[in-house]
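Q: Sequence:
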Amino acid sequence: MKNIAAVGVLERIRRLAPQGSVPPYRTVEEWREWQLAEGRKRSEEINRQNRQLRVEKILNRSGIQPLHSKCSFANYQVQNDGQKYALSQAKSIADELMTGCTNFVFSGKTGTGKNHLAAAMGNRLMVKGRSVIIVTVSSMTS
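Its first residue numbered 869, the sequence shown is counted upward by one per residue in my numbering.
Hints are computed from structural coordinates only; laboratory data are not their basis. Warning: the hint list may mix true and false statements.
Derived lysine to any residue pairs resembling SDA-like cross-links, with alpha carbons at most 25 Å apart [to be verified]:
(1) Lys952 to Lys925
(2) Lys996 to Glu901
(3) Lys959 to Ser911
(4) Lys938 to Ala905
(5) Lys959 to Asn983
(6) Lys952 to Arg929
(7) Lys977 to Val1000
(8) Lys959 to Ser940
(9) Lys996 to Lys977
(10) Lys977 to Ile961
(11) Lys925 to Lys959
(12) Lys938 to Lys909
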């Protein structure tokens, strides 16, 4: 049994389409398949946008300053054995934070890369959907 309404819609689409254009379907069944495929594409796009908004929301409340927003383990510049060890430990801690550990404290002298490594850890965790809050001692005392 034919769906008269659907056939009528196809005829209207053909009449309204610009002359010379060819729709990506010829039958009601092809039209339905096209609609389903377009719906899936749109749904995937909405899901991608929602994931992006969630990441942006997490980033905005993370406490990572704009100066450190692009910090990663890959762009951390190791200049001595202490920094090499700190990088290794930061990667391990980031992995532990994904599996249940909930907090940690960096301490050390000024200029050793603590903020960079903390931001790198936070950025890695946030990409995986985890919430992060970074607090510096100076922000707590001011």
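Q: Taking the hints in turn, state whether each one holds.
A: Hint-by-hint comparison with the structure:
1. Lys952 to Lys925: Violated. Lys952 to Lys925 sits at ~32 Å, over the 25 Å cutoff.
2. Lys996 to Glu901: Cα-Cα ~34 Å, so violated.
3. Lys959 to Ser911: It is violated: about 35 Å lies between the C-alpha atoms, which goes past 25 Å.
4. Lys938 to Ala905: violated, 37 Å
5. Lys959 to Asn983: Measuring from Cα to Cα gives roughly 14 Å; hence the hint holds.
6. Lys952 to Arg929: violated, 29 Å
7. Lys977 to Val1000: Holds, at about 23 Å.
8. Lys959 to Ser940: holds, 10 Å
9. Lys996 to Lys977: Given that 25 Å is the threshold and the Cα spacing comes to 30 Å, the pair is violated.
10. Lys977 to Ile961: Satisfied, since the Cα-Cα distance of roughly 20 Å is no more than 25 Å.
11. Lys925 to Lys959: holds, 24 Å
12. Lys938 to Lys909: violated, 31 Å
Checked against the numbered hints listed earlier, the structure breaks hints 1, 2, 3, 4, 6, 9 and 12; every other hint is satisfied.
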